[in-house]
Structure formats: C-alpha cells, structure tokens
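Protein chains: 2
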Amino acid sequence: MASARQVNIAVIGAGGVGKCFLSQLEQLAARRASPKLVLTYICSSKKALYNTDHLAIDLDNVTSTLAASTAAPLPLPKLVEFLSSSGSKTVLVDNTSSEDIAAAYPKFLGQGISIVTPNKKAFSGSFKLWQDIFSAAEQSGAKVYHESSVGAGLPVISTLKDLVDTGDEVTKIEGVFSGTMSFLFNSFAPTSGSGGQWSAEVKKAKELGYTEPDPRDDLNGLDVARKLTILARLAGLEIESPTSFPVQSLIPKELESVASGDEFLEKLPAFDAQMEETKAAAEKEGKVVRFVGSIDVAAKQVKVGLEKFDLAHPIAALKGSDNIISFYTKRYGSNPLIIQGAGAGGDVTAMGVTSDLLKVLSQIS
Amino acid sequence: MASARQVNIAVIGAGGVGKCFLSQLEQLAARRASPKLVLTYICSSKKALYNTDHLAIDLDNVTSTLAASTAAPLPLPKLVEFLSSSGSKTVLVDNTSSEDIAAAYPKFLGQGISIVTPNKKAFSGSFKLWQDIFSAAEQSGAKVYHESSVGAGLPVISTLKDLVDTGDEVTKIEGVFSGTMSFLFNSFAPTSGSGGQWSAEVKKAKELGYTEPDPRDDLNGLDVARKLTILARLAGLEIESPTSFPVQSLIPKELESVASGDEFLEKLPAFDAQMEETKAAAEKEGKVVRFVGSIDVAAKQVKVGLEKFDLAHPIAALKGSDNIISFYTKRYGSNPLIIQGAGAGGDVTAMGVTSDLLKVLSQIS
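Protein chains in written order, with UniProt numbering: chain A, 1 to 365; chain B, 1 to 365.
One or more of the hints may lead you astray.
Derived list of chain A stretches under chain B, where covered just means 3 residues or more per stretch with a C-beta under 8 Å from a C-beta of chain B [to be verified]:
1. 24-33
2. 156-164
3. 316-326
4. 337-349
5. 356-365
Simulated from the structure, these hints should not be mistaken for lab results.
C-beta atoms are modelled at their ideal positions from N, C-alpha and C, and glycine is treated no differently.
Use the sequences and the hints to build the structure in full.
Rendered as structure tokens:
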C-alpha cells in the first residue's frame, strides 16, 4: 500500500559501485524511520528482482538473491511504466555507465521518477539530451542529482551549483579529474626523485586495478573530457559534446588500432622516449608534467591534456590517485576554492550516490 | 495575502555579512519566480523595517531605507510572534554573532520558522542549547542550516554531514580554521624565506583588517575552539562547550588584562622572543609552526594550538588567509578529503548563508 511517507527505490546495476550502494542503502533504510525506503526493483545486466505489486524486496543479501533470480531486466519503456504505476514517489538509482539508460532519463523524469546516478553518459552526451533531462525534471518536479559523475563522492558538483546558484561568477575551473592519470603522473614525474618509466607505470597501474581493462580507455582522455563537459555546462557553457573541444590523447597513433590492451602494453615501451622528453622539458623549467583539464569560462575554452606545474603548485603536490579541483571565482579572488581527495573507488562513488539520494528524499517526501 | 508558493524572509543584522547577503538575496529574488521570496522584516542592532500586515519590503536600497527608519527592532519574543502570525512559511536569517539571538533559536524553530545563519554562538554554546535547537526543528519540521559557521562559504559542514549521514566513519578532522591565524603564520613562518617578527605581523594583520578590533579576540583561540566544537558535535561527540578541551592562547599571560587592543599591540614586541623560539624549534626539524585545530573522533579528543608541519604538508603550504580542512574517514583511507579556500570575508560568508537558504527553500516550498 502506498503512503505519503514511503519512497520506492529502483536500482539498476549491481557491479562495484552498485554493491557498495546497496550496502549503504541497507544501513540507511535501517537507520531512518521516515520516509520508509522500499526497494521495489533491482537488476543487473542479465537478471532482475521485482514483483508486480511493488512489494518490498529484502535488502538483506539482495545481491545473492538477485544472482539466483530467473527473471530478466524489464526493457526500459516497461520499467518506466512499472515504476510510475506504484502510486508512491519513486527514485531510480542508475549505477551503470550505460548510454541506453542515460538516453531514457527524460522518460523516467517526465513520469515524475527522480534519478540519482554516477553515470556520466547522460550529462556528457549531446547537449540536446542535457536539455531534455533538465526540462523533463523541471516540468514534472522530479529531481535529478549526479554528484558522483565527477570526482566520485567529492563535493564537486554541489559546490559548483552553490557557487552559480548564489550568483558568484565562476571564471576558471582547473584540476586533475582522473584517479588513473593522477596515479600515473604522480609516479612517472614525482616532485622528488626521478620516477619510473612511462610504460612501466602504465603496466603497474593496470596490475593494481587503477586502469580500465584496456588502459587506452583511460589514456585517450575521454573520461576526463566527459567530466569537463559536465562542469562546463553547469558553469553555463553550451558544450555540444565531449569531443567538441581539444583533448590530448596519450595513446601513440601507431597503437590506436592494435587489437587488445595486452598487445598495447607490450608495444608501449617503444614509445617511452616521447614521454621521457616531455618530462625532461618540464624538469628543465623546474616543473613537473600533469594531465589536467581546464575550463576558461569567459573565453568559453575547455581543454584536456598535459601541462607543466611548479613543484609547489597543489596540482604538482597531489598524492596517490587523488583528484583535485580548483574553482576560481569572482568572490574567491586569486586563491581558488579547492577540493581534493579520492576521486574513484566503489565506496566513495556510492557515497556520492547515497548523499544525492538523501537530498532527493528531503525534497520529495 | 499568503500563498503556498511564497516564502517570507526575516533578516537580523545589516553589517558586513548582512549587507552582502541582502545583495545576494536581491539578485536571487529577481532571478527566481517560484517560490516568491518576500522580505517581511529586517533589523540592525538599532533599527527595524516591517509592517503589521507582513507586506513586502522593497529589497532595492533596503540598507538605506533601514538606516532612515524610526522603528526599533522587535524584542525577540515579539519577533517570534510576528513571524509566526504571517500564515506563510518563514525563514529567519540571523547575520549577527549575537548570543541572545542564538539562545532564542529553539523558540523560532518550535514555531515552524526555519533558520539559516553564519552565527557560531548557537552551535558552539552549551550542549543543551545544541540539543534544544535540533529537537525543536525535528518536532516542528522547520529547517536549520549553518554552513558559514565554519569556514565561511566553504562546503565544510555539508560535507561532514554527508559523510556521517551516508554511514562513513569519520576518524579525524584537522585543519586551519581561522583566516587571521592562517595569515599570521603564513607570514611569520613561511615555507621559504625567514618571515617577519611576530608582533609586526600581528600589527600588519590588524592594519589590513584581518583581525578583530582587539587582536586578542583572535589570538585567544576561542574562535577556532567554537568551530571545532561544532564539527566535533556533528561528528558525534558530546562536547560540553568550547572551553571544555585544551585551547592554546597566543596572548602572553602578562598582556591578558591590559586595557586595550592598542596597548596590547604596543607591548607585544617584548614577547617576540617566545614566538621566535617556537619558530626556531620547528625549523631545526625542517618544519614550520601553524595554529591548528584537530578532532580525534575515536579518542574523543579535541584540541586547538600550535603544531609543527613538514614543508610539503598541505597545512604548511597554505597561502594568504586561506582555511584548510582535512577529513580522515574510513572510506577515504590514508589520503583525506580536503577542502581549502577563503574562510572569511563578507561575500563568501554570505554565499554560505544564501546557499543554505536555497537548501531550505527546496525543502519547505
């Protein structure tokens, strides 16, 4: 039975972030008496759990129950229908990186279903999708939050929104937006010591699980470009797509089309001299090289690629796989507002999703 | 006439932060069609503007209109009555640092009046007042937000709340919480160069407007202790008051009771040797001295005072009058979530108040 103090939750995705989110949701549901949080749908890419009466799915051991299910996920149009027929307020949690699901956000939002997600695709796809998403939300009153689409759980998007919404003028955003790139350059070109060989660092990063299965998916810069697209749009720029501004790829041209990530790693050492040269050029100026993204709001310029930084610069001094994001604004003057910390990982990404969920709950229930 | 899509705003205080807030409010009211923001009360310490029918006060030039008013501020119990009789949802914006107003928060909240404020006093007073505030809000459904009570507009309190509310375990909070102290130590003990004399730096900070009229109000550490009290309570510790843990004062005992700030500044050079010794001791270890606050959540220990930091530590590398706050948590592991930037100033403090107001509006309207 639907009640005003009940909110239904539907979850798509039960991978790394998904599992961490489900564990946080279980704790949250146990801790909060009101509104009552009821899981009514969950699916992975192959399986789903739900029942036609929208009864609560037990959060205890839900991932094993899901693995044992024989039901397939509902096609997206059916899912919209299913969720909007419950009579309760509903939040869809999309813990995937699927473009298809992202493309369906306007449909969900149009039916009053709120969305929280770390999925970058919806907000860094075409500018038309971006507009459709926010106008659907505006019209129905549904909420859409995506803190973890940039910097995982770091308060990057909420901070930028607060700056803009309170009337500050954001002039520039600059930072290291990829945990993988951060790790690679902090090891390859450390502020003290000489650092490792480029190809060896890439190999190590892959072994430690810091890269995508094929490291080229990090080295092409597209992940950073997607994040910059999101921030630039929030800062008011009409960015058509993540490929509509200069993005430097660190994949040697000759290795762009080799068949596998393994073959890529095998052949990468032959190109170490190029990266070594870049590092040496920076060292000559007493600097280190870093892979950064920047948005010059006034000039409407977005770019992603290698830049040189003084050793004392916060971007040079970054550690491990941390992200750092600097907001230069009229109110903050010459010293930017800086946010720094882990920008990847299941738990911190899920944390951003959960805190978004809490924000939605405080507004819809 | 009251309508569901109208929210009344009452503002106490028209000083530095107050004026900046009013300017941000004017922009906000002009930009947002819904809810309609209506200023129904504003007062300084001596004067007030309001009318018994709760009609809108024109935001244009409101500070000059207020200065020309012949009405006195309503006594607090009368103000509670006045605001709760409007029939509209109401938000009280307290832009003062008054303890009396802080003590009346439970009364306002109990009547359903939400509060946003940079006033530290309410949240760093007795633990009983803290409890009364949040239980009154809980019971009436009114909201209370105070982002700017720590680090001005920096997203410090919202981030700590998100960490706690999503179930992360905050183990330690550490940082530089005073713009004045930051400026003094960044000039007195810079990471490169030898820095100035202590008394000369204090004098310069006062001349630049970085200190309170009597610099002892910064140097006694109480301002930092109040901020630590707020954060420790949000992290779950029952801190009785800002004087219930060790706070190091930088006022020489002999100068505690001299009559004026000017006399204090005159006599301070005689005590430079003490601070010079502290600086030299740190230098011997290759470190610099900084005035920091820290909260060890597990050990339930809060302290405020001088500590030594490696030159490469983010706290040592701080610039100007910036604040830096590091959150160590279970999820973030050994590299903390760090927030850094201006932690004082009218515009950025007002920004925290305005963004709190937006959060309240999204929930009550």
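Against the structure, the hints:
no., hint, result
1, 24-33, "holds (count 4)"
2, 156-164, "holds (count 4)"
3, 316-326, "holds (count 4)"
4, 337-349, "holds (count 9)"
5, 356-365, "holds (count 3)"
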